[in-house]
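Work the whole structure out from these sequences, hints included.
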Amino acid sequence: ELKVEQNPLFLSMQEGKNYTIYCNYSTTSDRLYWYRQDPGKSLESLFVLLSNGAVKQEGRLMASLDTKARLSTLHITAAVHDLSATYFCAGGSSNFGNEKLTFGTGTRLTIIP
Amino acid sequence: EAGVTQSPTHLIKTRGQQVTLRCSPISGHTSVYWYQQALGLGLQFLLWYDEGEERNRGNFPPRFSGRQFPNYSSELNVNALELEDSALYLCASSPGTRPGDTQYFGPGTRLTVL
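In order, the protein sequences belong to chains F and E.
Take the first sequence: its letter number 44 is residue 44 in this note's numbering, and every next letter is one higher.
Take the second sequence: its letter number 24 is residue 137 in this note's numbering, and every next letter is one higher.
For the record, the hints were derived by calculation from the structure and aren't laboratory data.
One or more hints might be untrue.
Have a look at the derived ranges for each label pair, beta carbon to beta carbon [said to hold, decoys possible]:
{"hint": "1", "chain 1": "F", "residue 1": "Glu44", "chain 2": "E", "residue 2": "Arg128", "range": "26 to 36 angstroms"}
{"hint": "2", "chain 1": "E", "residue 1": "Gly209", "chain 2": "F", "residue 2": "Lys41", "range": "22 to 32 angstroms"}
{"hint": "3", "chain 1": "E", "residue 1": "Pro208", "chain 2": "F", "residue 2": "Ser26", "range": "21 to 31 angstroms"}
{"hint": "4", "chain 1": "F", "residue 1": "Thr20", "chain 2": "E", "residue 2": "Arg128", "range": "40 to 50 angstroms"}
{"hint": "5", "chain 1": "F", "residue 1": "Thr20", "chain 2": "E", "residue 2": "Gln130", "range": "37 to 47 angstroms"}
{"hint": "6", "chain 1": "E", "residue 1": "Gly165", "chain 2": "F", "residue 2": "Gly16", "range": "47 to 57 angstroms"}
{"hint": "7", "chain 1": "F", "residue 1": "Lys68", "chain 2": "E", "residue 2": "Ala115", "range": "34 to 44 angstroms"}
{"hint": "8", "chain 1": "E", "residue 1": "Glu166", "chain 2": "F", "residue 2": "Glu1", "range": "19 to 29 angstroms"}
{"hint": "9", "chain 1": "E", "residue 1": "Arg211", "chain 2": "F", "residue 2": "Glu5", "range": "20 to 30 angstroms"}
{"hint": "10", "chain 1": "E", "residue 1": "Ala193", "chain 2": "F", "residue 2": "Glu1", "range": "18 to 28 angstroms"}
{"hint": "11", "chain 1": "E", "residue 1": "Phe173", "chain 2": "F", "residue 2": "Leu9", "range": "22 to 32 angstroms"}
{"hint": "12", "chain 1": "F", "residue 1": "Asn52", "chain 2": "E", "residue 2": "Pro174", "range": "35 to 45 angstroms"}
{"hint": "13", "chain 1": "F", "residue 1": "Glu5", "chain 2": "E", "residue 2": "Pro208", "range": "23 to 33 angstroms"}
Residues from chain E that face chain F, not an exhaustive set, calculated with beta carbons under 7 angstroms [stated by the list, open to error]:
{"hint": "14", "residue": "Gly155"}
{"hint": "15", "residue": "Thr210"}
{"hint": "16", "residue": "Thr215"}
{"hint": "17", "residue": "Phe218"}
{"hint": "18", "residue": "Gly221"}
Where a beta carbon is used, it is the ideal one built from N, C-alpha and C, also for glycine.
Laid out in structure tokens, this is it:
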């Protein structure tokens, strides 16, 4: 069964700084997702990573996937207050058409002015 | 294009009661997923429906059940409510289950069991 671990759980960082959130998963996963959740809101899809070495960027966020290390990272560049949210990674477990997402615990990111 | 919609937004029930939550997927999406986000337990997969059939379920007791209608909307039923069922219930839809088919989430139904 797929297990997904995220760290750190909590992250406070100053505006303008860079930081990385790490997502490790336990078994082969053929897709890795990153989502954002604002307090009291639903999940917003950020990235889908499908292959080893995949890198996707949107604004100040960049996600990458290393399937050999079973590791995905979400890198934040020059953080701004608007990026404060909880970020989840999720692994896809697809087997003969079965599909479900296994989520990490989430990283609550607070950007301090 | 309308996103995933869920109703009701909030619900308060007492132990032992039954509840039905509803979800309408994005137009053209055939797969509907239900997740539970309980405090301290994170997001957990509940059920997956595709083309009207239950395809997979998570580690939840049988009192959690649901169905998918011909128009691909879905209901989640929870019988004999327990206090620990208090959570945000999220519905998601996807166009299929191919790699890259993202699951898009609705706003959720917050269930409080007293």
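Taking the numbered hints from earlier one at a time, note which ones the structure violates and give those numbers from smallest to largest.
none
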